[in-house]
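Enquirer: Here is what each chain is made of, one letter per residue.
There are 4 protein chains.
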Amino acid sequence: MGKNRVEAFSDGVIAIIITIMVLELKVPRGESIQSLAPLIPVFLSYVLSFVYVGIYWNNHHHMLHTVHGVTGAMLWANLHLLFWLSLFPFVTGWMGENHFAPVPSAVYGVVLLMAAIAYRILQQIIIASQGHKSLLRKAVGSDWKGKLSPVVYFIAVIFAFWSHWISQALYVLVALIWLVPDRRIERVVGGEDT
Amino acid sequence: MGKNRVEAFSDGVIAIIITIMVLELKVPRGESIQSLAPLIPVFLSYVLSFVYVGIYWNNHHHMLHTVHGVTGAMLWANLHLLFWLSLFPFVTGWMGENHFAPVPSAVYGVVLLMAAIAYRILQQIIIASQGHKSLLRKAVGSDWKGKLSPVVYFIAVIFAFWSHWISQALYVLVALIWLVPDRRIERVVGGEDT
Amino acid sequence: MGKNRVEAFSDGVIAIIITIMVLELKVPRGESIQSLAPLIPVFLSYVLSFVYVGIYWNNHHHMLHTVHGVTGAMLWANLHLLFWLSLFPFVTGWMGENHFAPVPSAVYGVVLLMAAIAYRILQQIIIASQGHKSLLRKAVGSDWKGKLSPVVYFIAVIFAFWSHWISQALYVLVALIWLVPDRRIERVVGGEDT
Amino acid sequence: MGKNRVEAFSDGVIAIIITIMVLELKVPRGESIQSLAPLIPVFLSYVLSFVYVGIYWNNHHHMLHTVHGVTGAMLWANLHLLFWLSLFPFVTGWMGENHFAPVPSAVYGVVLLMAAIAYRILQQIIIASQGHKSLLRKAVGSDWKGKLSPVVYFIAVIFAFWSHWISQALYVLVALIWLVPDRRIERVVGGEDT
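Chains as they are written, first to last, in the working numbering: chain A, 8 to 201; chain B, 8 to 201; chain C, 8 to 201; chain D, 8 to 201.
If you are wondering where the hints come from, they were derived from the structure by calculation, not from laboratory data. Hints may be right or wrong, so weigh each one.
If chains are identical, the list can't say which one is meant, so a pair holds when it fits in one copy or spans any two.
Calculated cross-link-like contacts (lysine-lysine; reagent style DSSO-like; alpha-carbon spacing at most 30 Å) [stated by the list, open to error]:
1. Lys154 to Lys140
2. Lys33 to Lys152
3. Lys140 to Lys10
4. Lys33 to Lys154
5. Lys152 to Lys140
6. Lys33 to Lys140
7. Lys10 to Lys145
8. Lys10 to Lys33
9. Lys145 to Lys33
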């Protein structure tokens, strides 16, 4: 089975997720600049989630680049990842509207954690399907980012109840770490590219 | 007529359906963990529908894989299927917000039933267009899943008025039966795949 | 310039239009079957619009099939068509929620009329660009459907103020006329198809 | 890395943005023609934004046409552009619902300005990646439109506080300037087209 429809479907879902998040930015009643003030935390959480979804799209793009045949297990692991990503608009809106309060910040971290785990499961299934000469395994290498991120999310979830600003700082930190796209895959794939 | 745009359009519609369902998960007012409690049934019905839409996408993907030329009848049978799928966000939200009450659970089953019938109509039209050497007919074989599901949905609709938990259990059961992707088609198509 | 992105973008917009119309079907508060009753006109107007958008997608699909090079004029004529289609969710919701009252029914007809005109403009631009051996001109032939529909919509808009049920009947009638996909193009294109 | 998924993802996001803007046109309560009156400014701002997003899609389409290999920097510059475009539904709704009041008109201009800057950054990154024989550099030439627009947006933002009708006129003016698609690129690319 070709991977085109998997890419097209994932692109569609991710494009919708990244766009409907903006619907949580409700048009305010007033026409003054002050009426925008309550939206600032919602806007900031939108920016953070936009970057995260962008990162997922970039890395997903790179990862699928190494895939030739799609199996049933990959399809479901991919849907599992899309499921957790689909909760981003909800947790983003909740965190933003409550000005980064402890519980919403923790729940945001839980969704980040689950998405990271889902991404890793998909990655492992692809690597397993490619056998011991797996291009993706070679590309991800030690995968320190993929191993570190869930740990940081977990710590951030715990910290949210103590000082939620530390959690926010950790979420921003992980986003910054990933902002560099997965050059490892670009490098390894480089030779045989279309 | 090529099938690419049919796939692209179906992917688009299904991607939007699976994503806008999450809009029924309304961001709660409070910031405590208790404020999430009323959303649990909405969340559970979202998970169930996400899995169902995922199953439809997977099987639709496999089914169209066997198609070479798209006819007008197929286009309309496909739109008919998409119509019933497009009602998933509505019935999912209604069932979730009413904590799986009898009537919404029955209506949910009716939409599942109609979608299953629409899927079967599309399948029969494709098989008929492929003549007696139909690849799809060979692939679906006895099609016991396709024959059993509508019967179970029908029973679940009836039971909803008596004990809606039985209905929910039946919906979950059918989803589990289908979660195994249609390996029949993978096997038959296997030889001539891209 | 290739036509792939024009097709992909149009498919995306049409897929979103056909799907967000269902958001006008607001989840009712009650859990009884009676609470669905007020939604019946909204549901019926949704079905009608779903069929119309499906017809536009089908015919758009056929029409672009005859196009090889996309010009700037075509891009804007296409966006103009998508603009009027994008108003379908609004007029569908307004007509449904007001139980097919005169003014909303007339406004619905105006949007149908404008979309039909926009479709025709796009068709003429494509035919003009193809010169006197235009495949599309040959395919549409006398184009009696394309000429009749705007006239019927215009009559229906006028009748809406007198008896809006006549308008509804006319809208359904035109939809039925178009439900037969544009076999003319299928026939003419048949020979040189991919 | 191929550019297909970048095009597909951008098309998806832009298609969703252009379509969800219409959701700000809330279905009115009444059924009379008067109940549409308060929607006129919302409708006009929708038309303006539809044209702007259409212009961005057209030019984006032309620009990516000159690209062969996509780099990480391009992916992020593209996401940056999509971010500002994703704020169009919000600012369009806010400006429309407040009848083009000064502050919302200025904020609308700020988003236009930021999108223009983001577009220019993406353009420069693509040109830089193509070396001194850049097809895109040749195509954009002096790029007077690209240089003029941000200046006009800036002026319009300032004027919004003094006379917001001048701002609106400037927004319409820039849209009209761009409505002519980027024939420069069409001309230059013409020779080597698919």
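Enquirer: Look at each hint and say if it fits the structure.
Expert: Consistency of the hints with the structure:
1. Lys154 to Lys140: Within one copy, since 22 Å is at most 30 Å while 42 Å is not.
2. Lys33 to Lys152: Classified as neither: same-chain Cα gap 35 Å, cross-chain 33 Å, threshold 30 Å.
3. Lys140 to Lys10: both (20 Å within a copy, 27 Å between copies)
4. Lys33 to Lys154: neither (36 Å within a copy, 33 Å between copies)
5. Lys152 to Lys140: For lysine 152 and lysine 140, only the intra-copy Cα distance (22 Å) is at most 30 Å; the inter-copy one is 37 Å.
6. Lys33 to Lys140: neither (50 Å within a copy, 46 Å between copies)
7. Lys10 to Lys145: both (21 Å within a copy, 23 Å between copies)
8. Lys10 to Lys33: The answer is neither: 37 Å in one copy and 34 Å across copies each exceed 30 Å.
9. Lys145 to Lys33: This pair counts as neither: shortest intra-copy Cα distance 45 Å, inter-copy 43 Å.
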